[in-house]
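Number of protein chains: 2
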Amino acid sequence: MSNLNTFIQANQPLIEQQLESMINEIQAPSQLKEAMLYSLKAGGKRIRPLYTLAVLKELNVKNEDAIKVASTIEMIHTYSLIHDDLPSMDNDDLRRGKPTNHKVFGEALAILAGDALVTLAFGIIARLKNLDAEQKVFLIDRLSFASGAEGMVGGQVLDILGEGKTLSLEELEEVHINKTGALLLFSIIAGGIIAKANEEVMDALRQYAFHIGLAFQIQDDILDIEGTSEQLGKTAGKDILSEKNTYPSILTMAGAKEQLKRQYDLATEALNQVNLNDGLLIELANYITKRSK
Amino acid sequence: MSNLNTFIQANQPLIEQQLESMINEIQAPSQLKEAMLYSLKAGGKRIRPLYTLAVLKELNVKNEDAIKVASTIEMIHTYSLIHDDLPSMDNDDLRRGKPTNHKVFGEALAILAGDALVTLAFGIIARLKNLDAEQKVFLIDRLSFASGAEGMVGGQVLDILGEGKTLSLEELEEVHINKTGALLLFSIIAGGIIAKANEEVMDALRQYAFHIGLAFQIQDDILDIEGTSEQLGKTAGKDILSEKNTYPSILTMAGAKEQLKRQYDLATEALNQVNLNDGLLIELANYITKRSK
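In the order they appear, the protein sequences are chains A and B. In terms of full-length UniProt numbering, the first sequence opens at residue 1 and continues consecutively. In terms of full-length UniProt numbering, the second sequence opens at residue 1 and continues consecutively.
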């Protein structure tokens, strides 16, 4: 078994447990907690929290709060999925093969479960015991930036506004850099902040994260065409049906695959600069660009 | 002119300016910024930010960041109004006499404008220059608590679940303590955190805030019956039409007014303990319990 598989199999269950206990310990209406937990427990690759933990492992730093920070990123990711799936947004009935949050709990509770998750994430970081106040403030600053109007939420707005229009490659990249790239980037630099990495390492992590974020999205677009609904746990081919702008639609499939290779190369070059090129970060780059779901 | 009027007239415009510049300076899609600003600029009493500033004034502490913290609370309040007004929640077309956010920008953008506001609030606090990291972490911790599942969002869930049921006084209070009380309480203790007030003062502020929060809601319920739509800037009598649980519906109007007086007395007694009983906090208590809108 590869290092990465060992790492994933060791850490995924810890992330699941962490997410569950973070919700269980809050004092809130049980229906709300149930709605929050439903989407948190709906599976997924947990790629963002795994990235935070992988960076710490590569930098040889241990911190008990790392898994908590990692899990708050999954909370933010999950809240964004709940809101994106709403009827007024992407109107999705299925997510990871299961009914979406609003299909089970109704729209009002789905919106509020999302609101509760994003709000809780910031509070959990503020209350951590094994990071100093400066680290917590740095994490909160960057998490807010990555997930708000200047990042994820802004990207979702661009995505909605771009529907039915033909975007240029630059415009499509702007959507993705914000909508999915910013939070993935945060998950990687969060590891650096927790490890108190030096500026050179932080810069390399940022570059790696930027390019791997784009690679992630290109592969998503490719899979929507080449994957099956069963593999993906969601309706395949939906991008074409909804006339969405994707890398294959703008660049052709061959062009999209070339672009994927280019982003992968740029990501791994960044790792070379700081000698982080023989471990989990390379393996994760391979995993992301070669995955089938 | 009373001290309070002078104070409000001096500070309300500063809060308006602060809110506007906080949105203007972010890099985000213009449509999103427009939707955020639309609701932030829709008026309102600005009671929460005024409270933060009033506490600092009463404690004789000046801090340039106080108005910024105060304004983030108004952002959180505004986001909650945008989401509460949505068709799947209270389905309100008017707010403060103007069309609600989703009526102007559509549901998707209204949800995302709310998401962006709550996320931005935490980031702004994390990036302040005139508070130390411990103060910022304390503020973020308490703001997350007040506005999330254990506070405002939880209260909104209880409110929705209570529709069509007859609540006891205790159940109604639980709704209000969470839905509106928690954020109002935060706005008051935020002043104490910024001023680095001692524990005795913090305790008195908490007690005052708890009772004034209930008084605020009781007066809201009374005004829904005794006020006019023109005064309120929203449809009067809506609580009765929608068979909402209110203080008058549970206690009769006379009982509600008695309860209002009781909460007012408890709030002002807390101020007596720390000699804060002759200034803006008393005047604000009077203002809240005697207002006509």
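Some hints here could point you the wrong way.
Identical copies carry no separate label here, and so any pair may be met within one copy or between two of them.
Result set (DSS-like, lysine-lysine): computed pairs, CA atoms no more than 25 Å apart in a straight line [what the hints assert, rightly or not]:
| # | residue 1 | residue 2 |
| --- | --- | --- |
| 1 | LYS129 | LYS290 |
| 2 | LYS257 | LYS196 |
| 3 | LYS290 | LYS62 |
| 4 | LYS129 | LYS196 |
| 5 | LYS57 | LYS257 |
| 6 | LYS244 | LYS68 |
| 7 | LYS103 | LYS62 |
| 8 | LYS41 | LYS196 |
| 9 | LYS57 | LYS68 |
| 10 | LYS165 | LYS103 |
| 11 | LYS196 | LYS33 |
| 12 | LYS103 | LYS290 |
| 13 | LYS33 | LYS165 |
| 14 | LYS62 | LYS33 |
| 15 | LYS257 | LYS41 |
Don't read these hints as lab results, they were simulated from the structure.
Do the hints match the structure? See the list:
In this assembly of identical chains, the alpha carbons of LYS129 and LYS290 never lie at most 25 Å apart, being 38 Å within a copy and 44 Å across copies at closest. Within a single copy, LYS257 and LYS196 get their C-alpha atoms no closer than 36 Å, and across copies no closer than 57 Å, so neither meets the 25 Å cut-off. When the C-alpha separation of LYS290 and LYS62 is checked against a cutoff of 25 Å, the pair qualifies neither within a copy, at 29 Å, nor between copies, at 57 Å. Taking the closest pair of Cα atoms, LYS129 and LYS196 come within 25 Å of each other both inside a single copy (16 Å) and across two copies (21 Å).
In this homomeric assembly, LYS57 and LYS257 never come within 25 Å of each other (Cα to Cα): the closest approach is 30 Å inside a single copy and 62 Å across copies. In this assembly of identical chains, the alpha carbons of LYS244 and LYS68 never lie at most 25 Å apart, being 35 Å within a copy and 40 Å across copies at closest. With identical chains, the CA atoms of LYS103 and LYS62 are never at most 25 Å apart, being 40 Å at best within one copy and 50 Å at best between copies. Proximity of LYS41 and LYS196 under a CA criterion of 25 Å is satisfied in neither setting, with 31 Å inside one chain copy and 41 Å between copies.
When the C-alpha separation of LYS57 and LYS68 is checked against a cutoff of 25 Å, the pair qualifies only within one copy, where the shortest distance is 15 Å, while the shortest distance between copies is 38 Å. Proximity of LYS165 to LYS103 under the C-alpha cut-off of 25 Å is restricted to the inter-copy arrangement: shortest distance 24 Å between copies versus 29 Å within a copy. Neither within a single protomer nor between protomers do LYS196 and LYS33 lie at most 25 Å apart by alpha-carbon distance, with minima of 34 Å and 34 Å respectively. Taking identical chains as interchangeable, the C-alpha atoms of LYS103 and LYS290 are never at most 25 Å apart, the minima being 32 Å within one chain and 44 Å between chains.
In this assembly of identical chains, LYS33 and LYS165 lie within 25 Å of each other by CA distance solely across copies; the values are 21 Å between and 39 Å within a copy. Taking the shortest alpha-carbon separations for LYS62 and LYS33, neither the intra-copy value of 30 Å nor the inter-copy value of 40 Å comes in at or below 25 Å. Taking CA atoms no more than 25 Å apart as the test, LYS257 paired with LYS41 passes in neither setting, with 32 Å inside one copy and 47 Å between copies.
Violated hints, in rising order: 1, 2, 3, 5, 6, 7, 8, 11, 12, 14 and 15; the structure is consistent with all others.
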